[in-house]
Structures are given as C-alpha cells and as structure tokens.
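Enquirer: To get this note's numbering, take the position in the sequence shown, counting from 1, and add 286.
It should be emphasised that the hints constitute simulated quantities derived from the structure, not laboratory data.
Hints may contain errors.
Said to hold, decoys possible - Here are the simulated lysine-lysine pairs, DSS-like style, with alpha carbons at most 27 Å apart:
no.: 1; residue 1: Lys615; residue 2: Lys580
no.: 2; residue 1: Lys632; residue 2: Lys564
no.: 3; residue 1: Lys399; residue 2: Lys491
no.: 4; residue 1: Lys536; residue 2: Lys632
no.: 5; residue 1: Lys303; residue 2: Lys451
no.: 6; residue 1: Lys632; residue 2: Lys612
no.: 7; residue 1: Lys580; residue 2: Lys465
no.: 8; residue 1: Lys536; residue 2: Lys491
no.: 9; residue 1: Lys536; residue 2: Lys472
no.: 10; residue 1: Lys451; residue 2: Lys564
no.: 11; residue 1: Lys399; residue 2: Lys465
no.: 12; residue 1: Lys615; residue 2: Lys536
no.: 13; residue 1: Lys632; residue 2: Lys451
no.: 14; residue 1: Lys451; residue 2: Lys472
no.: 15; residue 1: Lys580; residue 2: Lys539
no.: 16; residue 1: Lys539; residue 2: Lys564
no.: 17; residue 1: Lys491; residue 2: Lys472
no.: 18; residue 1: Lys303; residue 2: Lys539
no.: 19; residue 1: Lys580; residue 2: Lys632
no.: 20; residue 1: Lys632; residue 2: Lys539
no.: 21; residue 1: Lys615; residue 2: Lys539
no.: 22; residue 1: Lys580; residue 2: Lys564
no.: 23; residue 1: Lys451; residue 2: Lys399
no.: 24; residue 1: Lys539; residue 2: Lys491
no.: 25; residue 1: Lys564; residue 2: Lys536
no.: 26; residue 1: Lys451; residue 2: Lys465
no.: 27; residue 1: Lys564; residue 2: Lys491
From a predicted model like this one, the values you see are computed outputs, not experimental measurements.
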Amino acid sequence: MKTAISVPDDVFHEVDKVARERHSSRSEIIVSALREYLERRRSGDLLKALNEAYAAAETPKEYEVRQKAKKRYSRSPEEGGTMKRLCLVIMLVLPALLAPLPAGAAGSTLTEKEAPTLSEDRLAGVIRNEHCIILYYDPVAESRDDEAWSRFQATPQQLADRLMKAMMAMADRVQASGKFYKVNSKGFSPDAIARILADTGTVQKRPESPSIVTYVLNRPIAYRFRGTARPDMLPWFVHEVMGYFIYAVKTDKGDFLRGGWTFTDTNASFISLAGAGKESREFNGRTETVQVYKFVSRPYEGFACEYERIYSSDGRLLASIENYGKNGKFGYFDYDRSGTMQYRVKYTTPEPAP
C-alpha cells in the first residue's frame, strides 16, 4: 500500500543517508523503522504485563489456597497421574469440541492481482518460459484435515493461501525474480492432469489439493509441497519453497539476506507464552544481559514448535530462535541492529520431536 507522509527535513536527510549507506531505498528504511517501533511497543506491553503479574508478593490467603490445591491434587502418585492425564485430555480435546466445523470447500482466496489464474492453454507456456511458483487446487478434491482445523482454525487450502501470501511478501522484500500463479485443475484434459500429477508427485488419479510447486524453465525443482502448511513453522515452508529464488550470502555470522528472513509471529492464537526471564547471552561477539521470552505452539502431527525471542535491555528485538522439531532448528538474528533479521543460522543437529 502506498501513502504520503510529512517528515522534518533533518529526519529526511538522516533517512536518505542511512539508505545510501545500506544500499536500500528510503521506503525500506522507513518501513524497517516502523516495524521496529511496533515490535518494541508490543514487547514493552508484554514485559509490563508480566512485571505487573509477578510484582505483587503472595498474600497469606493465596499461600493457603495454593497449599490446599497441592494437597488435593497430590494425594498419591496414582491420583496425581490420573489428574495429569485428565488435564492433558481436556487440553487436547476441548479446542476441537468448541471449534466450529470448517466451512465447505471454496477454493483459493488469492486475488487475480496476487496470483493470476492460469488456464490449461497458458499453463504450459508459463512453465516452459518462466521462473515461478504455482498453487494447484481443486475445490471438489480439496483435502480435509480435522486436526489442523482444531489446532489452527483453518483448512489446508486457507493455510496454503497464507503460505503463498507470505512468500509473496518475502519476494517483494528481497526483490526475488519468481512469479506466483494459481491453477484450478478441475476440468483439465487427461494430458494436463498427468503433467500436474508428475510435477506434484501425486500418486492418486487426480492432483492432491492444495499442492505447491517451484518451477525453473520447465523443470519442477527444489521443492514441491502437498497438504497442510503448518502456520507455526511458516518460515521453514517459505524458505524451503522459495530456496531457488533467495540469494543469501554466506558469512561467519550466518546466511546474510539484505531484505531479511521471515520469522514466526508469536502473537498468533495457536502459540502460547511458556516462560520469561533475564539471561546472559553472547550476541555478536560480546556477552549481554537480555530478556528472553519462550513460546510453544499447539502440538500437531506429534510435535510442537518452540521459540525463543531475545530482546536487548532497551526492548530491541535481537533474535528469534525457532525449533521446528524434526525439520530442524534455526536462528534469525539482527546483528547490525537494523530492525531486520538479516542473518540466519541453521543449527547442525536438528532438535528431536518432543
């Protein structure tokens, strides 16, 4: 979205100077500054809420209630185990019981401006001549994932659309060359369906919906994806699917990407705060006392994702450490304090699924 704003001359000249130093546009510098301000405001509000919650000393009445609760639910190992299992069942089942049923299949919600729809006649030409990412779907054959609905309140198609939009945002940010399209394969000829089946790696009689494929001049390469794109590990999907179009520079600090890497939004409804505290961490070659917030997502397909958000003493977001279980553990860092996570580190040993 474009808008016009008024800034003082001294601020404009400072922005222009920084833009030249970083080989960026003035718009990128202003957007980075606004994002940093909003992130610091959110983190400040969260820190204030936590401080207020833990500031007051426990009253005698609260202590008495807590002791009674401990006695009530710890009468014996057997009873304690039963209570823990009951609580676990409630935590897992209650969201599914309360959640409304998914709406009927409606196909992709991406607009023609975001991802033009390719007809069968245009599909072959685009695949042959362009670098692109294509979302294949068929409203009639759209897959159903009740577990994903109970965890994330979205259908596989809705999650695929979110993934496409996240990739579009990153492509715009890093000035990637690939284009984005969508294809409703319903009614395509047998030859076209056969090509789609081969490209998506589907062994069924019709393409699995939704499916996403990366193409480079007629070749489906690098990555293909079918089914549910977990939103709690959206950065992993974005970087995997867009791998061919992301030109990162390897440095001793990690993979450098000028436009910045995508990282998880821990404000999402399916991600919960698991803990917070001050720690001493080494950051950019020196030890700092930082504020660490730990988050965890709702379990899906046997494991939950874990995140650590690391903030400086003045509330600046320094890093996001994200554990995607069997898919690996990654760190996104703002070493230059530019307001953008320009460095990514892939840890050599993937974290085991809980």
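Enquirer: Would the hint linking Lys451 and Lys564 be met if the CA-CA limit is 27 Å?
Expert: violated, 35 Å
Enquirer: Tell me if the straight-line CA distance from Lys536 to Lys472 falls inside 27 Å.
Expert: Since the Cα atoms of Lys536 and Lys472 sit roughly 43 Å apart, the hinted pair is violated (cutoff 27 Å).
Enquirer: Does the structure keep Lys451 and Lys472 at a Cα separation of 27 Å or less?
Expert: Given pair Lys451, Lys472 holds - Cα atoms ~23 Å apart, limit 27 Å.
Enquirer: Taking only the CA atoms, is the gap from Lys564 to Lys536 under or equal to 27 Å?
Expert: Distance of about 31 Å is beyond 27 Å: violated.
Enquirer: Is the straight-line distance between the alpha-carbon of Lys536 and that of Lys491 27 Å or less?
Expert: Violated. Lys536 to Lys491 sits at ~43 Å, over the 27 Å cutoff.
Enquirer: Holds or violated: are the alpha carbons of Lys615 and Lys539 at most 27 Å from each other?
Expert: Given that 27 Å is the threshold and the Cα spacing comes to 16 Å, the pair holds.
Enquirer: Just to be careful, I want the Cα atoms of Lys303 and Lys539 compared with a cutoff of 27 Å; is the pair within it?
Expert: Roughly 25 Å between the alpha carbons, so the hint for Lys303 and Lys539 holds.
Enquirer: Regarding the pair Lys580 and Lys632, is the alpha-carbon distance no greater than 27 Å?
Expert: holds, 19 Å
Enquirer: Has the given pair, Lys451 with Lys465, been kept, meaning a C-alpha gap of at most 27 Å?
Expert: holds, 12 Å
Enquirer: For the pair we were handed, Lys580 and Lys539, check the Cα-Cα distance against 27 Å.
Expert: Roughly 23 Å between the alpha carbons, so the hint for Lys580 and Lys539 holds.
Enquirer: Lys615 and Lys580 were given as a pair; does the straight-line alpha-carbon distance stay at or below 27 Å?
Expert: Holds. Lys615 to Lys580 sits at ~15 Å (cutoff 27 Å).
Enquirer: When you check the alpha-carbon spacing of Lys632 and Lys612, does it fall within 27 Å?
Expert: holds, 13 Å
Comparing the model with each earlier hint shows violations of hints 3, 5, 7, 8, 9, 10, 24, 25, 27; every other hint is respected.
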